[in-house]
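Using this note's numbering, read the sequence shown as starting at 177 and increasing by one per residue.
Careful, some of the hints might be misleading.
[Claimed, not checked] Distance ranges between label pairs, derived from CB positions:
1) A536 with A229: 25 to 33 Å
2) P289 with R243: 28 to 36 Å
3) K427 with R400: 23 to 31 Å
4) W414 with M202: 38 to 46 Å
5) E351 with T522: 35 to 43 Å
6) H518 with R247: 30 to 38 Å
7) R191 with R413: 19 to 27 Å
8) A355 with A419: 40 to 48 Å
9) P323 with V417: 42 to 50 Å
10) R400 with P308: 31 to 39 Å
Please keep in mind that the hints were generated in silico from the structure rather than gathered at the bench. C-beta: ideal position from N, C-alpha, C; glycine also.
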Amino acid sequence: MKVIGAPEPRDRRSRSRLIARFLGGMVVLALVLLCMLEAWFRAHSTRVVAARASGPLIESDPDLLIRYTSRGRRLVPGAHVRILKHQLSGLDIDMQINSMGFRARELESRKRPEEFRVLVLGDSITWGDYLPADEVYVNRAERLLNPSPDGRRVELINAGVGDIGTREEMDILEESGLATQPDLVVVAFYLNDSRPPWGFAGELGRPGWLRRHSALAAELYRSRRLQRWIKEQGEPRWGWVYARDRIPWQKDPAALEQLAWLARYDWGAAWQPESWAAVDKELARLRKLAGRHSFGVLIVSFPVRFQVETDFVDDRPQRALEERARANGFGFLDLLPLLRSHRSETIYFDHCHPVPAANAWIGEALAQCIRSEYLTPGRKARREAPTPSLSAAPGGR
177 MKVIGAPEPR DRRSRSRLIA RFLGGMVVLA LVLLCMLEAW FRAHSTRVVA
227 ARASGPLIES DPDLLIRYTS RGRRLVPGAH VRILKHQLSG LDIDMQINSM
277 GFRARELESR KRPEEFRVLV LGDSITWGDY LPADEVYVNR AERLLNPSPD
327 GRRVELINAG VGDIGTREEM DILEESGLAT QPDLVVVAFY LNDSRPPWGF
377 AGELGRPGWL RRHSALAAEL YRSRRLQRWI KEQGEPRWGW VYARDRIPWQ
427 KDPAALEQLA WLARYDWGAA WQPESWAAVD KELARLRKLA GRHSFGVLIV
477 SFPVRFQVET DFVDDRPQRA LEERARANGF GFLDLLPLLR SHRSETIYFD
527 HCHPVPAANA WIGEALAQCI RSEYLTPGRK ARREAPTPSL SAAPGGR
């Protein structure tokens, strides 16, 4: 007698094998997709890795380069890393930090009599982490200054750090800059330097094993945190980003002023009179340090892209800064006229970070100013404060 249901166990086993194969195939496809995404993000995302690191699971960790203190961001002394695929330039950057925490060569503990040291304070524009060191304006100026008119060896020390302002720059000067025994301190001033640092990088926290070893995981986490952070910061901080393509700032002075108001928590702060109180406080602090430690001071004013590309000149922030430099007995170099003379060329990667060619122009202007005002035989370097200041703006007003 035939049992009707007998084949069912065999059919169930066949279906189970088919389901297992299907699920196995899906897992393999998912793994292949994840591997492809990981490879893509490794090839295109910005990562900070140890200089000598190699292998398929190379560890990426921003903490290898940046540390966070109670007084703001600092570079890790002695760090040697590679920044892969920098988000601005797309370049792989070899980044070496000396034992004092500066992107500069090691300095002898005692300055020699035939040496003239220039400490350059600034933010990410000065640090130039998106370019090789030799292409940053600080190093370009140093090459142009040697040999110097008075025979001394000129050493420019890049003390720039990303995402800091004037207060943090003065802190760095006190913490480690004075130990370089500078003859001249250059303050590279950008228009948002009165504002507290943005601090998004600090929101990412210490990366765990997965984020250190997976570019995909790191980028997904960063994107999610960035979206949340932007939402928490609110529309006022980012209004200028959305408006810059909608309003005629290039032709209309009122539109530029509107854009500056929308950017009042960033570069537009320099158009707001109340923002200058914080700058005044730090310049007074700098004047006291200059008098106490006998160094000269040169303030270099970096414009925002929108000032450079307009059909008219709005240099109110530069004039406000120049007035303060003069009042404190500091030298002053305005880069706006220089960069406007090149406005038909590519100058910026974004709204403030200059491309290599612009770094070359800036380095030449800085070298010319230092040579003529501080190194020319027969001229007395500006050390005392207050004294009348210079206004050295190549091609300027």
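Hint-by-hint comparison with the structure:
1. A536 with A229: 25 to 33 Å: holds (32 Å)
2. P289 with R243: 28 to 36 Å: holds (35 Å)
3. K427 with R400: 23 to 31 Å: Between K427 and R400, where Cβ atoms are some 39 Å apart, the hint is violated.
4. W414 with M202: 38 to 46 Å: Given a distance of about 40 Å, which is inside 38 to 46 Å, the answer is holds.
5. E351 with T522: 35 to 43 Å: Given range 35 to 43 Å: holds, Cβ gap about 37 Å.
6. H518 with R247: 30 to 38 Å: With Cβ atoms ~37 Å apart, the hint holds.
7. R191 with R413: 19 to 27 Å: violated (58 Å)
8. A355 with A419: 40 to 48 Å: holds (44 Å)
9. P323 with V417: 42 to 50 Å: holds (46 Å)
10. R400 with P308: 31 to 39 Å: Given about 32 Å between the Cβ atoms, the range holds.
Figure legend: structure checked against the earlier numbered hints; hints not met, in rising order: 3, 7.
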